[in-house]
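The opening residue of the sequence shown carries number 1 in the numbering used here; numbering runs sequentially from there.
Bear in mind the hints are in silico, worked out from the structure with no lab data behind them.
Keep in mind that a hint or two might mislead.
[Stated by the list, open to error] Result set (BS3-like, lysine-lysine): computed pairs, CA atoms no more than 25 Å apart in a straight line:
no., residue 1, residue 2
1, Lys83, Lys93
2, Lys131, Lys142
3, Lys131, Lys73
4, Lys101, Lys116
5, Lys93, Lys73
6, Lys142, Lys73
7, Lys73, Lys116
8, Lys116, Lys83
9, Lys142, Lys116
10, Lys83, Lys73
11, Lys131, Lys76
12, Lys148, Lys76
13, Lys76, Lys116
14, Lys142, Lys83
15, Lys148, Lys101
16, Lys101, Lys83
17, Lys76, Lys142
18, Lys116, Lys148
19, Lys83, Lys148
[What the hints assert, rightly or not] Simulated restraints, written as ranges between beta carbons of each label pair:
no., residue 1, residue 2, range
20, Asp99, Phe59, 52 to 60 Å
21, Gly17, Ala61, 53 to 61 Å
22, Arg58, Ala100, 44 to 52 Å
23, Arg112, Arg41, 52 to 60 Å
24, Arg58, Gly17, 47 to 55 Å
25, Phe59, Leu91, 32 to 40 Å
26, His119, Ile51, 28 to 36 Å
27, Arg41, Leu63, 28 to 36 Å
28, Leu30, Ser124, 56 to 64 Å
29, Asp149, Leu91, 30 to 38 Å
The beta-carbon is built from N, C-alpha and C at its ideal position, and this holds for glycine as well.
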Amino acid sequence: LLILDLAIPRDFEPAIGDFTGVYLCTIDDLSQVCQRNRREREREWPRAERIIAEETARFMADLHHRATAPTIKRLKARADEVKAEEIERLLNKLSTTVDAKTQAEIRQAFDRLVNKLLHPPLESLRDEATKGAPHGLLEALKRLFQLKD
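Full structure from sequences and hints, please.
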């Protein structure tokens, strides 16, 4: 039998709880349970704050990466356009003297050149996005490479 005595003053004598099979729960008992639960929650507070800080940082990094993605895509596309134009121009000039294997080597060399030239600025942009505010570098890249929004 469970008896909840929430009255003040008490409606039941404390000795009732001594009988076999009788559980007397008073407002004081509930208060102790509440205080114990509060202490347990307070101990978890630093962990909750750490989780919130980590997830906020992860969200913000993702948000900044998303902001940089269109510019990176446009920059790579523009570089690929220029590369393709210049390869075709060179191969047209050399068409009679260059075999297919050499043409493939020329294409690979241009690919490596473009990738090596773009890697540092794109890596810097990604680093800035991870740190938080890539907007200045993002705008500089747009302006330097004349990328349209």
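A quick look at each hint next to the structure:
no.: 1; hint: Lys83 with Lys93; result: holds, 15 Å
no.: 2; hint: Lys131 with Lys142; result: holds, 20 Å
no.: 3; hint: Lys131 with Lys73; result: holds, 20 Å
no.: 4; hint: Lys101 with Lys116; result: holds, 23 Å
no.: 5; hint: Lys93 with Lys73; result: violated, 30 Å
no.: 6; hint: Lys142 with Lys73; result: holds, 11 Å
no.: 7; hint: Lys73 with Lys116; result: holds, 16 Å
no.: 8; hint: Lys116 with Lys83; result: holds, 13 Å
no.: 9; hint: Lys142 with Lys116; result: holds, 19 Å
no.: 10; hint: Lys83 with Lys73; result: holds, 15 Å
no.: 11; hint: Lys131 with Lys76; result: holds, 23 Å
no.: 12; hint: Lys148 with Lys76; result: holds, 13 Å
no.: 13; hint: Lys76 with Lys116; result: holds, 12 Å
no.: 14; hint: Lys142 with Lys83; result: holds, 19 Å
no.: 15; hint: Lys148 with Lys101; result: violated, 37 Å
no.: 16; hint: Lys101 with Lys83; result: holds, 19 Å
no.: 17; hint: Lys76 with Lys142; result: holds, 12 Å
no.: 18; hint: Lys116 with Lys148; result: holds, 23 Å
no.: 19; hint: Lys83 with Lys148; result: holds, 19 Å
no.: 20; hint: Asp99 with Phe59: 52 to 60 Å; result: holds, 54 Å
no.: 21; hint: Gly17 with Ala61: 53 to 61 Å; result: holds, 57 Å
no.: 22; hint: Arg58 with Ala100: 44 to 52 Å; result: holds, 48 Å
no.: 23; hint: Arg112 with Arg41: 52 to 60 Å; result: holds, 58 Å
no.: 24; hint: Arg58 with Gly17: 47 to 55 Å; result: holds, 51 Å
no.: 25; hint: Phe59 with Leu91: 32 to 40 Å; result: violated, 47 Å
no.: 26; hint: His119 with Ile51: 28 to 36 Å; result: holds, 35 Å
no.: 27; hint: Arg41 with Leu63: 28 to 36 Å; result: holds, 30 Å
no.: 28; hint: Leu30 with Ser124: 56 to 64 Å; result: holds, 60 Å
no.: 29; hint: Asp149 with Leu91: 30 to 38 Å; result: holds, 33 Å
Of the hints listed earlier, those the structure fails to meet are numbers 5, 15, 25, in rising order.
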